[in-house]
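Student: Fit chain B with the ligand to the known structure of chain A by using the hints.
Chains as they are written, first to last, in the working numbering: chain A, 1 to 321; chain B, 322 to 648.
Check each hint, because a few of them may be wrong.
As a list, the in silico SDA-like pairs of lysine to any residue whose alpha-carbon atoms are at most 25 Å apart [stated by the list, open to error]:
{"hint": "1", "chain 1": "B", "residue 1": "Lys573", "chain 2": "B", "residue 2": "Tyr647"}
{"hint": "2", "chain 1": "A", "residue 1": "Lys34", "chain 2": "B", "residue 2": "Leu496"}
{"hint": "3", "chain 1": "A", "residue 1": "Lys190", "chain 2": "B", "residue 2": "Met645"}
{"hint": "4", "chain 1": "B", "residue 1": "Lys611", "chain 2": "A", "residue 2": "Met315"}
{"hint": "5", "chain 1": "B", "residue 1": "Lys585", "chain 2": "A", "residue 2": "Val318"}
{"hint": "6", "chain 1": "A", "residue 1": "Lys262", "chain 2": "A", "residue 2": "Gly317"}
{"hint": "7", "chain 1": "A", "residue 1": "Lys185", "chain 2": "B", "residue 2": "Gly360"}
{"hint": "8", "chain 1": "A", "residue 1": "Lys272", "chain 2": "A", "residue 2": "Val116"}
{"hint": "9", "chain 1": "A", "residue 1": "Lys246", "chain 2": "B", "residue 2": "Pro378"}
{"hint": "10", "chain 1": "A", "residue 1": "Lys25", "chain 2": "B", "residue 2": "Thr625"}
{"hint": "11", "chain 1": "A", "residue 1": "Lys246", "chain 2": "B", "residue 2": "Arg624"}
{"hint": "12", "chain 1": "A", "residue 1": "Lys185", "chain 2": "B", "residue 2": "Leu365"}
{"hint": "13", "chain 1": "B", "residue 1": "Lys585", "chain 2": "A", "residue 2": "Gly317"}
{"hint": "14", "chain 1": "A", "residue 1": "Lys34", "chain 2": "B", "residue 2": "Thr444"}
{"hint": "15", "chain 1": "A", "residue 1": "Lys190", "chain 2": "B", "residue 2": "Lys585"}
{"hint": "16", "chain 1": "A", "residue 1": "Lys185", "chain 2": "A", "residue 2": "Val116"}
{"hint": "17", "chain 1": "A", "residue 1": "Lys185", "chain 2": "B", "residue 2": "Lys585"}
{"hint": "18", "chain 1": "A", "residue 1": "Lys272", "chain 2": "A", "residue 2": "Asp207"}
FYI, nobody ran anything at the bench for these hints, they're computed from the structure.
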Amino acid sequence: MVDISREKLLDMLEKMYTIRYFEQKADELFGRGKIHGTMHLSVGQEATAVGSIAPLRPNDYIASTHRGHGHCIAKGADVRRMMAEFLGKETGYCRGRGGSMHIADVEAGNLGATGVVGGGIPTAVGAALASKLAGDDKVTICFFGDGAANLGIFHEGLNLAAIWQLPVVFVCENNQYGMSMPVQKSMPVKDVAERAASYAMPGVVVDGNDVLQVYEAVSEAVQRAREGKGPSLIECKTYRWKGHSKSDQERYRTREEVEAWKKKDPIARFQKWLLEKGIATEEEIEAISARARQIIEDAVAFAETSPEPSPDTIMEGVYAE
Amino acid sequence: MREITYAEAIREALRQEMQRDPRVFLMGEDIGVYGGAFGVTLGLLEEFGSERVRDTPISEGVIAGAAAGAALAGMRPVAEIMFMDFTTLAMEQIVNQAAKTRFMFGGKAQVPMVLRTPAGSGTGAAAQHSQSLEAWFVHAPGLKVVMPSTPYDAKGLLISSIRDNNPVIFVEHKLLYRTTGPVPEEPYTIPLGVADVKREGVDITIIATSIMVTRALAAAETLAKEGIEVEVVDPRTLKPYDDETVNRSVKKTGRVLIVHEAYKTNGFGAEIAARITEGETFFHLVAPVKRLAGLDIPIPYNRTLERHAVPQEEDIVRAARELMAYK
Ligand SMILES: Cc1ncc(C[n+]2csc(CCOP(=O)(O)OP(=O)(O)O)c2C)c(N)n1
Chain A
1 MVDISREKLL DMLEKMYTIR YFEQKADELF GRGKIHGTMH LSVGQEATAV
51 GSIAPLRPND YIASTHRGHG HCIAKGADVR RMMAEFLGKE TGYCRGRGGS
101 MHIADVEAGN LGATGVVGGG IPTAVGAALA SKLAGDDKVT ICFFGDGAAN
151 LGIFHEGLNL AAIWQLPVVF VCENNQYGMS MPVQKSMPVK DVAERAASYA
201 MPGVVVDGND VLQVYEAVSE AVQRAREGKG PSLIECKTYR WKGHSKSDQE
251 RYRTREEVEA WKKKDPIARF QKWLLEKGIA TEEEIEAISA RARQIIEDAV
301 AFAETSPEPS PDTIMEGVYA E
Chain B
322 MREITYAEAI REALRQEMQR DPRVFLMGED IGVYGGAFGV TLGLLEEFGS
372 ERVRDTPISE GVIAGAAAGA ALAGMRPVAE IMFMDFTTLA MEQIVNQAAK
422 TRFMFGGKAQ VPMVLRTPAG SGTGAAAQHS QSLEAWFVHA PGLKVVMPST
472 PYDAKGLLIS SIRDNNPVIF VEHKLLYRTT GPVPEEPYTI PLGVADVKRE
522 GVDITIIATS IMVTRALAAA ETLAKEGIEV EVVDPRTLKP YDDETVNRSV
572 KKTGRVLIVH EAYKTNGFGA EIAARITEGE TFFHLVAPVK RLAGLDIPIP
622 YNRTLERHAV PQEEDIVRAA RELMAYK
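If we strip away everything but chain A, and leave its shape as in the complex, we get:
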């Protein structure tokens, strides 16, 4: 049985709600032309982000992906500054330069999202190497998708982490597709986790829509990493409810498939468990949901009233002083 305090469990639920509402709001703002470019929503995958990051200490690291809003919120980001980044404002995490795909908060251990699939894998390995060299006991979680597991850099990253026994946990969010490419067509093996065997590290498959299963598996891997026993690979089977990005016509999957997965909503499932175990009441859950909604409303208000970056500052930030 899971060993998590009630307070923490409720915080996890609030984070899941915050992620859900953040993305729904981002989607809406995009529809109203307030956000440009593209965005990759992780609606339906809230349990993997929250379940993976909940076992971490505040000064541990994460390296995120293009589908990274959830990771960012789960790591404790200020949602106002995230929203400001979306709107391209100076008050955003990246001063409006990065946008949805590049939110980072390095001081807080969020080594950032990257628009290049697999690009964060070596970053995470490097951060874990730094922890090992520094002799501290920080752990890094490296997020990536099933699609990223076919890039050369995935294999190079796992291999290096394994031979040097680095404190990194590889968390694969297998949402069944890399853009339009179904996982069964992109890999000859059934599970990404099988690949852990090539690097002599534990490879675990969990139900990525069950936040508690994710939490348990990642906790164990984090523990191993902290004790100097090296990396692990956790594969979370999950699903993205929305299209790959804003340009997706979703010709590659059926409506029935999407509907079937929506029935496995990780938030509804977690709530049901909390209620059944008597950990939270309906009213408490409602209050958590309302608070998450309020956080998002505040964030939008903050972002909308924030200043735009000035073109005079355009050359800043390319080099360090």
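Tutor: For chain B with the ligand alone, kept in the frame of chain A given last:
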């Protein structure tokens, strides 16, 4: 003549070449059912099947490298890298393998492949999805580099690229995909290495590439109202490069403005400027050669900053006026 989009022109070239030559096949991420990130290959899977329109995993290195290998073994692959930024993952295969193979093997092998890739900013996709990296490829002996600015050129140049026996990097611009223009229905070729004078004029030669041709032509309209007659030359292929057409224009006008979207430092504009000033055209210049290019910064997400990062129509107008101050 009917008008179609730049994206349709590219698709038509692919379709006609696949019909003509069974050795031509396509590979890339999401090019099948999805039709590619920009819809360029839509419908080709239905027409040619999954053997010839091959969806690949996200594996840029092997996409480029396997295309080179298939080409070496007698096929004529057209590979797609979804965003030019991700050619970085394929660089080893493109630059060390595909480009050098023929020379290293004493001229006894050939690598007839095309690598199509969308470049450019203006879509709000920020620093990792907006680059124009053509200069990197021009720098590698053995590669040809093509950058069409119109639907007509896109079709003719792509057909030539597919029929060419060398590795060709075919750079498309995302903002051009939906632009339209007249394109003949039948297959035709435009030779690689021949520039096109997109507009005649006597006062200034603007040498522009890709989407900057569109902006230069728009700027030329504004300038014409002020009595400044701009000649717009589009090299169309950066390698091989057509010095002759450019030089002829420079001799006529004596003033040169080079416009490209890629970073200014070590950009292709530096090469153009050097070629103009190191030859006989130098003595025809009445003004210093001027370059207008992307700032030396990654492309920012914010709309206003993004616009400021690369040349816009008004920047071209301003630069042209400055050049006219020289008599
Ligand atoms: C190196 C690289 N190739 C292609 C892309 C375009 N692209 C962005 S996300 C994506 C699919 C990624 O799939 P996966 O790793 O499973 O993550 P998911 O999107 O499912 O979360 C692709 C092909 C990219 N951003 N980077």
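Student: Take the hints in turn and mark each one as holding or not.
Tutor: Here is how each hint holds up against the structure:
1. Lys573(B) - Tyr647(B): Holds, at roughly 15 Å.
2. Lys34(A) - Leu496(B): holds, 20 Å
3. Lys190(A) - Met645(B): violated, 67 Å
4. Lys611(B) - Met315(A): Holds: Lys611(B) and Met315(A) sit about 21 Å apart, inside 25 Å.
5. Lys585(B) - Val318(A): holds, 15 Å
6. Lys262(A) - Gly317(A): violated, 42 Å
7. Lys185(A) - Gly360(B): Satisfied, since the Cα-Cα distance of roughly 21 Å is no more than 25 Å.
8. Lys272(A) - Val116(A): Not OK: Lys272(A) and Val116(A) at ~37 Å, beyond 25 Å, violated.
9. Lys246(A) - Pro378(B): holds, 21 Å
10. Lys25(A) - Thr625(B): Answer holds: Lys25(A) to Thr625(B) is near 23 Å, not above 25 Å.
11. Lys246(A) - Arg624(B): holds, 17 Å
12. Lys185(A) - Leu365(B): holds, 19 Å
13. Lys585(B) - Gly317(A): holds, 18 Å
14. Lys34(A) - Thr444(B): Holds. Lys34(A) to Thr444(B) sits at ~14 Å (cutoff 25 Å).
15. Lys190(A) - Lys585(B): violated, 48 Å
16. Lys185(A) - Val116(A): Holds, because 21 Å separates the two Cα atoms, which is no more than 25 Å.
17. Lys185(A) - Lys585(B): violated, 42 Å
18. Lys272(A) - Asp207(A): Holds, because 16 Å separates the two Cα atoms, which is no more than 25 Å.
In this structure, the earlier hints numbered 3, 6, 8, 15 and 17 are contradicted, and the remaining ones agree with it.
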